[in-house]
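Protein chains: 2
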Amino acid sequence: MRTHYCGHVTAADLDQMVTLCGWVHRRRDHGGVIFVDLRDREGLVQVVCDPDRPEMFATAESVRNEFVLKITGKVRRRPAGTENTSLTSGEIEVLCHQIEVLNPSVTPPFQLDDENLSETTRLSHRVIDLRRPHMQRNLMLRYKVSMAFRRFLDANGFVDVETPMLTKSTPEGARDYLVPSRVHPGQFFALPQSPQLFKQLLMVAGFDRYYQITKCFRDEDLRADRQPEFTQVDIETSFMGEDAIMQLMESLIRTVFAEALEVQLPDPFPRMPYAEAMARFGSDKPDLRVTLEFTELTDVMRDVAFKVFSGPATSGGRVAGLLIPGGGELSRGEIDEYTKFVGIYGAKGLAWIKFNDVAKGRDGMQSPIVKNLSDEALAAIVERSGAKDGDLMFFGADSAKVVNDALGALRVKIGHEKGHMNGADWMPVWVTDFPMFEYDEDDKRWTACHHPFTSPKDEHVDLLESDPGKCLAKAYDIALNGWEIGGGSVRIHRADVQEKVFRALNIDAEEAQLKFGFLLDALKYGAPPHGGLAFGLDRVVTLMTGADSIRDVIAFPKTQRAQCLLTDAPGEVDDNQLRDLHIRLRKKVETAVEVEKD
Amino acid sequence: MRTHYCGHVTAADLDQMVTLCGWVHRRRDHGGVIFVDLRDREGLVQVVCDPDRPEMFATAESVRNEFVLKITGKVRRRPAGTENTSLTSGEIEVLCHQIEVLNPSVTPPFQLDDENLSETTRLSHRVIDLRRPHMQRNLMLRYKVSMAFRRFLDANGFVDVETPMLTKSTPEGARDYLVPSRVHPGQFFALPQSPQLFKQLLMVAGFDRYYQITKCFRDEDLRADRQPEFTQVDIETSFMGEDAIMQLMESLIRTVFAEALEVQLPDPFPRMPYAEAMARFGSDKPDLRVTLEFTELTDVMRDVAFKVFSGPATSGGRVAGLLIPGGGELSRGEIDEYTKFVGIYGAKGLAWIKFNDVAKGRDGMQSPIVKNLSDEALAAIVERSGAKDGDLMFFGADSAKVVNDALGALRVKIGHEKGHMNGADWMPVWVTDFPMFEYDEDDKRWTACHHPFTSPKDEHVDLLESDPGKCLAKAYDIALNGWEIGGGSVRIHRADVQEKVFRALNIDAEEAQLKFGFLLDALKYGAPPHGGLAFGLDRVVTLMTGADSIRDVIAFPKTQRAQCLLTDAPGEVDDNQLRDLHIRLRKKVETAVEVEKD
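Residue numbers (this note's numbering), protein chains in the order written: chain A, 15 to 612; chain B, 15 to 612.
Take these hints with a grain of salt, some might be off.
Intra- or inter-copy, both count: the list cannot distinguish identical chains.
Claimed, not checked - Result set (DSS-like, lysine-lysine): computed pairs, CA atoms no more than 27 Å apart in a straight line:
1. Lys-427 x Lys-354
2. Lys-84 x Lys-538
3. Lys-84 x Lys-514
4. Lys-84 x Lys-471
By construction, these hints were calculated from the structure, which means they are not laboratory data.
Chain A with its partners taken away, still in its complex shape (with noise of 0.2 Å):
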């Protein structure tokens, strides 16, 4: 139907006669002549509409924004000082011969350039908003990272397995979705939290090096950077180690970035044990942009006459502080509002102390604080963090969870808004060295951190029973500008090393081998040394665009309701439908759906 793509004419086709489809972008009349800029996916032309054709120009008058039109023409020059060297086309213009109105639009229900629409407007004419440039701009970048992805694993000898979508539930980890057997009554499916079972057991069947990208799901309350289903690039390989996997996979994202984006990550990116990112920046995907770090005071405030520091000091809290170079300037009215937002992550306060004169000691410092910290404290804080005059620290006092949460995220508030920042644009580090286990307060028992068939380090096996707490995996996550954008693991490949675990994790034979039966029976037939990692796509292109949500990077997501606004999904289904599914609604939801009788 047509000749060439609206965006693709130049100055080389000058003189040619194309015919182009696509979409009216604007419409204007001046001196008589109609100009209707048209557009389809790779970009805009003008077309120009003489009156000395009134055939033509009659349906020229009749078009109207979002019109779908298929014209032909000759193209020519812009006159001189009419280019537009914001386009591909800009040097040229297309004088149009014949116009054909393929399809009429009624009004859309708002502008394409409109920059000031709600998300439920947005959500609700998904396929009007999908026509905005940077829409469109957002979800073919999606596709080059994927095929990025693609083309790097595919020539590295990973195979593209497909696992099941419908599966079984395991009462592990996040919330499953659920799905009704009709031919099984009572039984249930459950849509996959991951493949990490079914890309464990492709090793185990020797498929040796394997990829997916697949939608995931997790039925769980959602935020900014979570929905419903998210799509993750999958991979799993054999007979290598933790080293030699972390090589392949940060030479894969350099590569995807270089070829999405023409960005040069570093090689290789810095490697950070956990320990150390919770110590220097109390988050276990730092953003290391920023330049601002933890100063560790749990030790020197044990003594302290201010309760609000010894008594986490001496309980098993944290305290840290939060140097800010030239912080001194902070108002008070700032000071509050950092207040009110690490009290988001739980602190109770933020505590403060402004360094006038460092040399004077105490006597240079100004906080309400001061008279309660000892001048060991106080030499501390100086000597540990290098204070300086004009510099001011925030402290953090309490669970370390708390403490790591409030002031990790308070580090890298300031360091965004007050410029804090090392001016790279984009600072990769693998997290290494996670705990094996983390206790849970609640329940009385461990829990794996990662999940439970991440493998201890080969020289921590024996901390399993006599010290689990002490224990590391051989697990990595990579970060990227503060955000985890992947992660994974070496896997436990043998039995007996899985039993050790599961006891650990206070799991018994019975019920592991109800839950994990298939995975522990795959095991003991000559499970090969195996190890992956998984990306977050939507994440990874989420941070690729700057968008301010994963939303943008998705065609058709689900709002924080978990709901489709478009389709208007989830909605009632006939009872009949349930009946076949041998389930019915609990009765405080039959309202709209006629009571079940049986």
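Chain A is fixed; fit chain B onto it per the hints.
Quick look at chain B alone, frame taken from chain A:
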């Protein structure tokens, strides 16, 4: 961990030290030496363990089938006469210096080369089953095929856009898999039967060319070529007509066969209107390798005395013959078997005539039914079919559907069994010009043959109201060797035509708005002319591998009872999970789960 894949070591590596990882495929002791066939994804290599390295030899003595080994050794030429030409590595062997057992294995449930396993055994131990070389080959070929699809589509400007898995139930079509919503009590998502509506929305949104290799779901009773979840190569394009789409798609499938299988399919594919396919072969996916054809006899059987023929011929049914050249040789037992076979398709019998001496007319024919047929009818049989001495004709007389199904299946069966084949390995054919509607005798209404978004032929739009049964669609299927491997259509892009189709289908405006409102809305805002096609990936790969069932080209398939024997899905879930989802089991099935009290 390794320098080579086992299957890649060749004479080019002579005298090199290599390190290999893999599974013990076979171990033989011969003349005091241990031979281990070590296997990985790429093939086998023979490893020779000499007793002159005692530590290594002791380990070698301990290994059993399916142990995972890492071996280091020197590549040497096999002694003359012991080469194995069926292996890439067959000229060489590796003299083992070091051996490490990476993981032992218990005795596998079956030998990998056992060809007599039940499907239940294979699916229950799928991980071991997947180690079998033909399963490895099938899944590797599947990957090659899907990458060939992607490469062609990418090179032709198609963009992979992910569409939702959690979407809305549409009461049209097959039964949906439903997913209860936790956030919206009493509401349900549905898993997509295809991304049909979303891909049309993407065209309206201006993405121009879309593809996706994606899972689709139908909760239907299963057959050999059906799975609850199946994979579709889903394609849609804007601004292309029927003919251009078909040309591009056949070029795609030709490229896929050439790249993945090194097979050259015909260029161009033959095309055949639906009416012709049904008339000649009783099938809209005819196996054109089979040379047998139907003889149309309905018109000449209206007045015959034989009620079995005249009944259907005068009441809207069909009477057709299937001439089997040389079929006079068929035994009574064979004819009985075929009679039983057509019974599967609803035929109540299988009349036949043997042509002993065509020149003698009625007297040269042997059959119980000849006496009840008129001379005109017998003459038409011979003339239309070109029957010769020694041939046999089978007859079908029933509703057109039964005749087509029964005689169509018989055609394929006899064609393959008796060698009435044209010698081609691959016979693709486009079947075109499908009717828009078929009449549902039970519901006394027209239903869509394809789906309600299929465009009628331009010149048939008026028939939508005046004579729906005569209205043909811009729909096309690709059949290959008797399998439908893909199908598609040009879609309706104008709201007024879509409304006419809904009227013909007796779907009123309110119902249409309720079910497809978001598509109808989209059509109002400037929908481009568009159309597409979807290939069934499972079927394409099954055909390519010659597998008996699509289950042999799926890593983790479900049984015909929609179960996964490996993970034992579906399964029971906690009542708490159901409570979260606002559903409970119907009483009949509330056996294993506590009866709910609210």
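So, going through the hints one by one against the coordinates:
1. Taking the shortest alpha-carbon separations for Lys-427 and Lys-354, only the intra-copy value of 13 Å comes in at or below 27 Å, while the best inter-copy value is 78 Å.
2. Proximity of Lys-84 to Lys-538 under the C-alpha cut-off of 27 Å is restricted to the inter-copy arrangement: shortest distance 17 Å between copies versus 65 Å within a copy.
3. Proximity of Lys-84 and Lys-514 under a CA criterion of 27 Å is satisfied inter-copy only: 25 Å between copies versus 69 Å inside one chain copy.
4. With identical chains, the CA atoms of Lys-84 and Lys-471 are at most 27 Å apart between copies only, with a shortest distance of 20 Å across copies and 65 Å within one.
The structure fails none of the hints (numbered hints given earlier).
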